[in-house]
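Colleague: Please construct the entire structure, taking both the sequences and the accompanying hints into account.
For the sequence shown, the UniProt record's numbering assigns the number 1 to the initial residue and increments by one for each residue that follows.
You can take every hint at face value.
For lysine to aspartate or glutamate, the following EDC-like pairs were computed, each having C-alpha atoms within a straight-line distance of at most 16 angstroms:
#, residue 1, residue 2
1, Lys182, Asp123
2, Lys523, Asp585
3, Lys677, Asp761
4, Lys526, Glu84
5, Lys607, Asp288
6, Lys677, Asp288
7, Lys464, Glu609
8, Lys677, Glu58
9, Lys523, Glu576
10, Lys249, Glu104
11, Lys650, Asp491
12, Lys182, Glu150
13, Lys537, Asp491
14, Lys188, Asp479
15, Lys572, Asp585
16, Lys607, Glu678
17, Lys607, Glu676
18, Lys267, Glu252
19, Lys464, Asp767
20, Lys188, Glu481
21, Lys650, Asp479
None of these hints come from the bench; they were simulated from the model.
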Amino acid sequence: MARALSVLRKHATGMFRTYLLLALRQFGRNRLYSALNIGGLAVGLAVSAYISLYVWHEFHYDQFHPLAERTYRALSVSNYDGQEMTMTNMHESFGREAKRQLPEVEQVVRFSAGMGPVWVQADADHQQKPANVGFADPSLLTVMGFSLAEGDPRMALTEPGKIVLTQPLAEQLFGRQNPVGKTVTYDKNYPLTVSGVFADLPTNTIFQFDALVSLASMPMLGERKKQSWEYAGFLDTYLVLRPGTEVAKTAEKLKLINKGVKFMDAKASFLLEALPDLHLHSHSVSPDTRQNLYIFLGIALLILALATTNYVSLTTARATQRAREVGVRKAIGGQRRELVMQFYTESFLTTTLAVGLGLGLLALFFPWINQLLGIRMNGRVFDDASYWLVLAGLWLGCSLLAGGYPAFLLSGFRPQDALKSTVSGGKRGAGMRRVLTTGQFTASAGLLMCSLIFFAQMRFLRTKNIGLDRAQVVAVAIDKEMAPQYAAFRDAVRQWNGADRVAATNTRLFTPFVSIYFLTVKKTQKQSMVNVLTVDKSFFRTLGIGWNLPPAGWSDKAITKELQVYNQQAMKEAGETVRVVPHPDPFGFSNQGLQGVVADFKLFGLKHEQSPVMLSVVSDTSRAVVENGGYLLVKLNPNQDVPVALGQLKLLYEQANPPAPFDYYFLDDAYNKLYEKEQQLATLVNGFTGLTLLVACLGLLGLMTFTVEARTKEIGIRKVLGASVASIVGLLSRELVLLVSIAVLLASPLAWWAMTKWLADFAHHIDIRWWVFAAAGAGSLLIALLTIGVQSIRAALANPVESLRSE
1 MARALSVLRK
11 HATGMFRTYL
21 LLALRQFGRN
31 RLYSALNIGG
41 LAVGLAVSAY
51 ISLYVWHEFH
61 YDQFHPLAER
71 TYRALSVSNY
81 DGQEMTMTNM
91 HESFGREAKR
101 QLPEVEQVVR
111 FSAGMGPVWV
121 QADADHQQKP
131 ANVGFADPSL
141 LTVMGFSLAE
151 GDPRMALTEP
161 GKIVLTQPLA
171 EQLFGRQNPV
181 GKTVTYDKNY
191 PLTVSGVFAD
201 LPTNTIFQFD
211 ALVSLASMPM
221 LGERKKQSWE
231 YAGFLDTYLV
241 LRPGTEVAKT
251 AEKLKLINKG
261 VKFMDAKASF
271 LLEALPDLHL
281 HSHSVSPDTR
291 QNLYIFLGIA
301 LLILALATTN
311 YVSLTTARAT
321 QRAREVGVRK
331 AIGGQRRELV
341 MQFYTESFLT
351 TTLAVGLGLG
361 LLALFFPWIN
371 QLLGIRMNGR
381 VFDDASYWLV
391 LAGLWLGCSL
401 LAGGYPAFLL
411 SGFRPQDALK
421 STVSGGKRGA
431 GMRRVLTTGQ
441 FTASAGLLMC
451 SLIFFAQMRF
461 LRTKNIGLDR
471 AQVVAVAIDK
481 EMAPQYAAFR
491 DAVRQWNGAD
501 RVAATNTRLF
511 TPFVSIYFLT
521 VKKTQKQSMV
531 NVLTVDKSFF
541 RTLGIGWNLP
551 PAGWSDKAIT
561 KELQVYNQQA
571 MKEAGETVRV
581 VPHPDPFGFS
591 NQGLQGVVAD
601 FKLFGLKHEQ
611 SPVMLSVVSD
621 TSRAVVENGG
631 YLLVKLNPNQ
641 DVPVALGQLK
651 LLYEQANPPA
661 PFDYYFLDDA
671 YNKLYEKEQQ
681 LATLVNGFTG
691 LTLLVACLGL
701 LGLMTFTVEA
711 RTKEIGIRKV
721 LGASVASIVG
731 LLSRELVLLV
741 SIAVLLASPL
751 AWWAMTKWLA
761 DFAHHIDIRW
771 WVFAAAGAGS
781 LLIALLTIGV
791 QSIRAALANP
801 VESLRSE
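Modeller: Below you can see the structure in the form of structure tokens.
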């Protein structure tokens with residue numbers, strides 16, 4: 001028995017070695033064909049691997065925490081006259097009381113991502129403005145499993161006056177030195193001791209920060225932080241529940257905890273959201289986020305399918321060249337299963353080489369693609385063994401699927417037909433090849449249509465009049481401590497010839513950080529969420545905001561007292577038609593009454609409906625802007641070179657001897673950032689459209705190659721009988737053009753349905769026009785004609801003597 005197994009093993013090894021040598025010989029004999037097969041599969045696998053890696057990264061947010069499956073974030077749900085409002089920010093005492101009163105709560109973690117950018121300084125030569133400096137309980141490091149490269153995670157955040165830095169910030173502040181024990185200055189006034197440095201943080205976590213300050217430090221960091229600690233809800237509160245706890249019952253108990261906490265809605269109900277679900281399934285997350293991921297995954301599978309079908313098309317297109325080989329092997333006793341194994345070996349070798357090349361391309365372009373698409377993924381995503389198992393499954397699946405049809409088709413030739421060279425493969429495989437080609441171009445044409453609609457919608461978002469002029473407007477950040485220097489700086493900018501107009505506001509425009517007041521409509525006693533901005537008189541002229549009803553004497557006199565003005569949407573929600581000002585304030589907010597009505601303008605872009613806005617126009621601009629920080633809006637002179645103008649503006653700022661370095665942003669950039677996710681999706685679809693067209697063209701080239709080989713003698717006879725080159729080209733191209741036309745017809749309703757669903761998420765969007773489908777169809781046909789034109793013209797120009805010699 002053992003001897004028989006040994007012989008069988010040797011036989012199998014010998015057969016495999018033979019198949020491998022035959023496959024390598026085929027690769028060497030048909031270099032171009034092999035390069036097309038391997039290259040097409042490699043590109044498809046690289047793109048699919050990147051997309052699946054990104055989707056994997058997004059769906060595995062916060063699953064690395066050791067207690068993730070038992071950790072929940074508290075969410076309060078309040079109702080204001082039918083308007084549901086959810087909040088995750090709790091008062092600092094909420095978490096303490098939950099831990100004290102509820103035995104099922106094992107641990108509590110309180111965390112704040114921060115309250116805007118803060119200056120952190122090591123010395124005069126090393127200064128950095130992080131994206132945010134957060135606050136956290138000591139338990140964040142131990143419960144959430146964040147590891148430290150330097151410092152003790154059990155002690156790093158236990159005492160007031162402690163800060164833990166991320167590695168990038170630590171290097172910017174201290175270079176290569178170990179910063180533990182050294183002092184940094186927080187917000188220009190408050191010294192903190194560095195107690196640790198984070199190891200490389202995962203990118204797929206909702207806990208994003210540049211540094212963490214111990215939560216106990218907060219009352220010591222200035223009056224504003226102290227007031228937030230005492231009166232405000234600013235902390236995300238995470239509860240680690242004991243095993244077996246009923247989550248819904250614990251959420252009900254939080255209502256009782258909440259009644260004893262000041263400064264929170266006593267009538268609020270509570271939900272507990274699982275930590276791993278927060279990124280994609282939280283109440284605060286738009287369904288668009290999940291929808292886009294499913295779109296990406298669908299595109300990845302589509303590209304992989306197209307690359308695989310392209311391999312099948314190219315392999316079967318060359319069936320006639322393998323027919324004599326199959327006939328000889330069968331004539332000398334070769335079994336069909338052996339031939340199937342031979343062709344499967346070629347398939348496995350092709351996909352193995354393609355996987356290796358594809359992973360090489362992925363590793364080479366990984367950082368560049370991340371930067372191009374604005375995606376945050378670091379190398380840690382490659383450490384997950386389960387992802388590599390999925391990738392191995394893709395490799396195996398591609399090998400079996402790509403090799404299956406060609407293997408059974410080629411091994412099924414009858415030896416007598418193969419040796420007589422009468423194999424055309426036509427009727428046996430033509431139907432499948434037509435289906436594959438039509439499917440490839442259906443996908444390609446559909447993506448091309450989607451790409452054109454993406455482009456049109458993104459152009460609409462950027463060019464549509466939103467009620468204010470944001471072009472070439474620079475917003476210069478004004479620190480709250482700049483009160484003594486602010487007036488001098490503002491006046492200097494007004495006199496500078498590089499500024500066309502100058503205004504001030506307390507709000508960073510085109511961000512979610514706009515104050516909200518819940519105002520009660522006097523007529524109906526219903527509450528309305530109103531966005532509130534404090535601005536100066538120049539704000540309206542600088543940004544080109546129109547007036548429906550300006551305040552009395554607006555053009556003739558300076559502002560001497562604070563004025564309250566509303567936009568049209570606010571008046572609509574209040575049910576007021578104002579014809580004369582001043583007018584009683586429909587919300588009862590100001591004793592001075594309503595002083596004016598401005599035209600609507602979009603604070604949050606075109607994805608959302610128009611929001612009601614109240615603007616407080618102040619006389620003492622310096623106080624209003626600097627009180628809690630603000631922005632000087634500078635409309636640059638259109639004749640100025642922008643980089644030069646920014647340099648001059650920075651010089652004017654520095655001449656005022658400010659307490660903080662020059663910081664600015666352009667309103668246009670902030671507005672475009674509102675559509676960052678949409679632009680990311682559009683960029684991906686554009687890239688994938690090009691790739692699918694490339695793969696489809698390779699498949700079409702393979703089918704044309706097959707057609708020419710199958711009809712070589714027919715072409716020769718037609719030329720001898722006087723057929724022109726044009727008629728032969730038309731004969732060869734007619735069927736393939738018909739297949740592409742059918743593909744365009746199939747793609748049009750699918751693209752229309754998909755894009756109609758996508759556009760429904762925008763409050764303002766384009767109408768889908770017929771020309772999009774006509775242009776995409778014409779483009780697909782043109783690309784197809786260019787692809788098959790070379791092969792068909794070459795066949796039409798060939799010498800008929802060569803094709804008829806065997807006759």
